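Given chain Y, work out where chain B should sit, using these hints.
2 protein chains.
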Amino acid sequence: MQTKHLVFISAFILLFSSILAAQSSVVQKYDSVAVHIAKEALGSNNSYTMLEDLCTKVGNRISGSPQAAKAVQWAMKRMQDLGFENVHLEPVMVPHWVRGPVEEAYLLLPSGQREKLKITTLGGSIATPAEGITAEIVEVKSFDELRALGDKAKGKIVFFNRPMDRTQFQTFAAYGGAVDQRSIGAIMTAKAGGVAALVRSMTTRIDDSPHTGGMAYDDSVKKVPSAAISTRGAEYLSQLLAQGKTVRIQLKLSAQTLPDVESANVVGELRGTEKPNEVIVMGGHLDSWDIGAGAHDDGAGCIQSIEALRILKKLGLKPKRTIRAVMFMNEENGLRGGIGYAAKDRPGEEHIAAIESDEGGFSPRGFAINDTVTYTKVAPWAPLLHSFGADRITLGGGAADISPLAQKGVPMIALSVDVHRYFDMHHSENDNLSAVNERELALGAAAMAILTYVMAQEGL
Amino acid sequence: MQTKHLVFISAFILLFSSILAAQSSVVQKYDSVAVHIAKEALGSNNSYTMLEDLCTKVGNRISGSPQAAKAVQWAMKRMQDLGFENVHLEPVMVPHWVRGPVEEAYLLLPSGQREKLKITTLGGSIATPAEGITAEIVEVKSFDELRALGDKAKGKIVFFNRPMDRTQFQTFAAYGGAVDQRSIGAIMTAKAGGVAALVRSMTTRIDDSPHTGGMAYDDSVKKVPSAAISTRGAEYLSQLLAQGKTVRIQLKLSAQTLPDVESANVVGELRGTEKPNEVIVMGGHLDSWDIGAGAHDDGAGCIQSIEALRILKKLGLKPKRTIRAVMFMNEENGLRGGIGYAAKDRPGEEHIAAIESDEGGFSPRGFAINDTVTYTKVAPWAPLLHSFGADRITLGGGAADISPLAQKGVPMIALSVDVHRYFDMHHSENDNLSAVNERELALGAAAMAILTYVMAQEGL
Chain Y
25 MQTKHLVFIS AFILLFSSIL AAQSSVVQKY DSVAVHIAKE ALGSNNSYTM LEDLCTKVGN
85 RISGSPQAAK AVQWAMKRMQ DLGFENVHLE PVMVPHWVRG PVEEAYLLLP SGQREKLKIT
145 TLGGSIATPA EGITAEIVEV KSFDELRALG DKAKGKIVFF NRPMDRTQFQ TFAAYGGAVD
205 QRSIGAIMTA KAGGVAALVR SMTTRIDDSP HTGGMAYDDS VKKVPSAAIS TRGAEYLSQL
265 LAQGKTVRIQ LKLSAQTLPD VESANVVGEL RGTEKPNEVI VMGGHLDSWD IGAGAHDDGA
325 GCIQSIEALR ILKKLGLKPK RTIRAVMFMN EENGLRGGIG YAAKDRPGEE HIAAIESDEG
385 GFSPRGFAIN DTVTYTKVAP WAPLLHSFGA DRITLGGGAA DISPLAQKGV PMIALSVDVH
445 RYFDMHHSEN DNLSAVNERE LALGAAAMAI LTYVMAQEGL
Chain B
25 MQTKHLVFIS AFILLFSSIL AAQSSVVQKY DSVAVHIAKE ALGSNNSYTM LEDLCTKVGN
85 RISGSPQAAK AVQWAMKRMQ DLGFENVHLE PVMVPHWVRG PVEEAYLLLP SGQREKLKIT
145 TLGGSIATPA EGITAEIVEV KSFDELRALG DKAKGKIVFF NRPMDRTQFQ TFAAYGGAVD
205 QRSIGAIMTA KAGGVAALVR SMTTRIDDSP HTGGMAYDDS VKKVPSAAIS TRGAEYLSQL
265 LAQGKTVRIQ LKLSAQTLPD VESANVVGEL RGTEKPNEVI VMGGHLDSWD IGAGAHDDGA
325 GCIQSIEALR ILKKLGLKPK RTIRAVMFMN EENGLRGGIG YAAKDRPGEE HIAAIESDEG
385 GFSPRGFAIN DTVTYTKVAP WAPLLHSFGA DRITLGGGAA DISPLAQKGV PMIALSVDVH
445 RYFDMHHSEN DNLSAVNERE LALGAAAMAI LTYVMAQEGL
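So the protein lines, in turn, are chains Y and B.
With this note's numbering applied, the first sequence covers 25 to 484.
With this note's numbering applied, the second sequence covers 25 to 484.
It is worth saying that the hints were derived from the structure and are not from the lab.
These numbers come from a predicted model, not from an experiment.
Every residue, glycine too, gets a C-beta built ideally from N, C-alpha and C.
Watch out, some of these pointers could steer you wrong.
To be verified - DEER-style ranges, computed between Cβ atoms: (1) B/T418 <-> Y/E259: 37 to 43 Å; (2) B/D55 <-> Y/A406: 20 to 26 Å; (3) Y/S166 <-> B/T191: 47 to 53 Å; (4) B/V122 <-> Y/Q52: 52 to 58 Å.
Just chain Y, with the same shape it has in the complex (with noise of 0.2 Å):
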């Protein structure tokens, strides 16, 4: 009986031993790669560099517009002149949604006058005729109370105002909850026979900017247009109703949708020396909404994409595993990038895993992983990135361009950052060049360097 213990206890020991030895062989290895990466990458600040090229070049590039045939140019040409192998363009049709040349609601006042307010058409909206919908409003904080309100919504201009909830920890778990509202409240909006939606910005911070975002019609109701209202904006409606005043509302949009449009993923590779048919794709989207520069959202992962390459091959570091750096087109409405690069036939070759940074250029954390075996296999590599706070591996979570490579069984895994500031920038004027410390975006593209050129080394 003690021998028997005693077997155990000694094969559960060796067993964790060898776990420990595993790891921290893999760690060695690295170790002194993963520092020369890092220090690259901030020494060089070529990403902050690359990414005001990007922005000021470029601009905000929305899927099917001038600026995205721009940007797919500006990243195609950034790879080869860089060396990258294999630079192409993978072609997508993509939809092509255009603002237009108005949008503008104004409170009516009893006085006859007139009060602007700040906001953005959501992108997929329809436009209002061209003498604008005038209407009073109705505030709900759910589609519930929607439903609830029975035949009072009918010819309002629905305003869904319930803000995403500041005390949660993780900003994206806050969007998840609140972004309905802007996804489908439009939806929501003809169910109860209302003429319009309106939705508070999906932020925390009350301000003065709009936000836009996707948003979807269903074919069984009528389309109604949509827009998004600054925070402070919301929060004013709000107090207005609240002392039972009635709020009509003009709201003037010239949005439409266009036929689609060909654009393209651009992809540029570091093949494999020993493997080359075994991928690593890492990437972020190359389109952005078409306010503000789409600097974090998702420049950012562009941009650190393709500098984890240029890292590793300015430090001669050869990767046994092909890893390709993929700017997927059409994240924001349609995700057309990432379903066609998933859906395309690539004989002989298996995609080991896929990595995306598109939670903003920020100090990154470490890195969230889907399954259950690559997060086994990777967790202890974090040590690798430990000296500047990135080693984090958790598991769980998920990047939007490269969840249809998950579907087909790819380890999915997504950079992940210190969201907290994300909110403040997202779909608004205010995601620029300013909004980017070039030392966390640097950072983001080493802990991506590194990740990659480990996995490209060591399997999975």
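Same frame as chain Y, but now just chain B:
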């Protein structure tokens, strides 16, 4: 032999288990309290509201200034209004340096025209003569280089241009590697026979904002005026010199040091219910430099200390030991508040720990603890800070105001934050409210509230 092994292994497992159990019991005990604290910090947004009040009603507040006096009253009233106990001032004499109305530097071009440079007087500097100092500049990257110049520095303005090393992972390490130029550049200049010191600003960013900061004189040599130039200006001067040009500058500064002024540390408490004489000090410094608003440095730390107590009180948490918030005066150019606090006789009291937040109001990462015993006790509490990513407890480090307490043997703990952005703002006009994110600031306060509360209950 086998039995002996078994006993040893069992003992080891027992010991290990008991450590884990002790850890998990503290964590279990306070887990839900920690969540409540963090949610109150985020949900109320009180940190930001308070900081906004300080930045807009008081503004920057250099020691000895009317604004510093106003800040003292502001902090005292805040703590009184919140119902803290034993709110009082502890007077200290502080230096009174004033910038005066003039600080100008012009590059004198061969054409006879002048080009304005972005400079700021360093704190403590003397003035130039009213007509300014006009001299050729000589660039050095180190004191060794300066010494090697011999007579060539005589009559010159010495231009210290060693950048902060941007490849450092910790910005404070990069600062530490460059700040000697600012601190003792004027002394070294005088020793070399130079007439003034012009120092590259302490930031890794290349921009137009000069950064001030403390500098010292040495009675054994002449006092020469000293100013900081923006990093972009420094790069420009360096380029001109690299082209072999003679660079002449006219420097006019009007600064002076007036007689010491009475000021005060501001103190408020939650008295311990069981061991009131065991005191945990938690603080920041109330003074700032006289440009910008001192939002991060160190409005943030003061506000977080008040907010931490407010949250505990709001949630009805009664600490067994006393938690004392101290807004120290004069960290920036004298440390008189920190020294005075530690020197004061406090019969019957024992300080069990001193905690400071003085790295800016950024996303909290954890705590840095200077002594092993405290570290060993506190490190297992880290899971309480995990939910918002502040669970990195490290050994080593500290903060200026509480360092005199540490010299008397009080364990010293610094709030660690994500400091990549800090030196973009530090001691410059950029250190304004707009550079502070409300969630990051609030979570710093939450981390301090959690740590001090658990410490007050569990002891050290």
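Right, here's what the structure says about each hint:
Between B/T418 and Y/E259 the CB atoms are about 41 Å apart, so this pair conforms to the stated range of 37 to 43 Å. Taken as a hint, the range 20 to 26 Å holds for the pair B/D55 and Y/A406, whose Cβ atoms sit roughly 24 Å apart. At roughly 50 Å, the beta carbons of Y/S166 and B/T191 sit within the given window of 47 to 53 Å. Separated by about 56 Å at the C-beta atoms, B/V122 and Y/Q52 satisfy the suggested range of 52 to 58 Å.
Going through the hint list in order, the structure satisfies each hint without exception.
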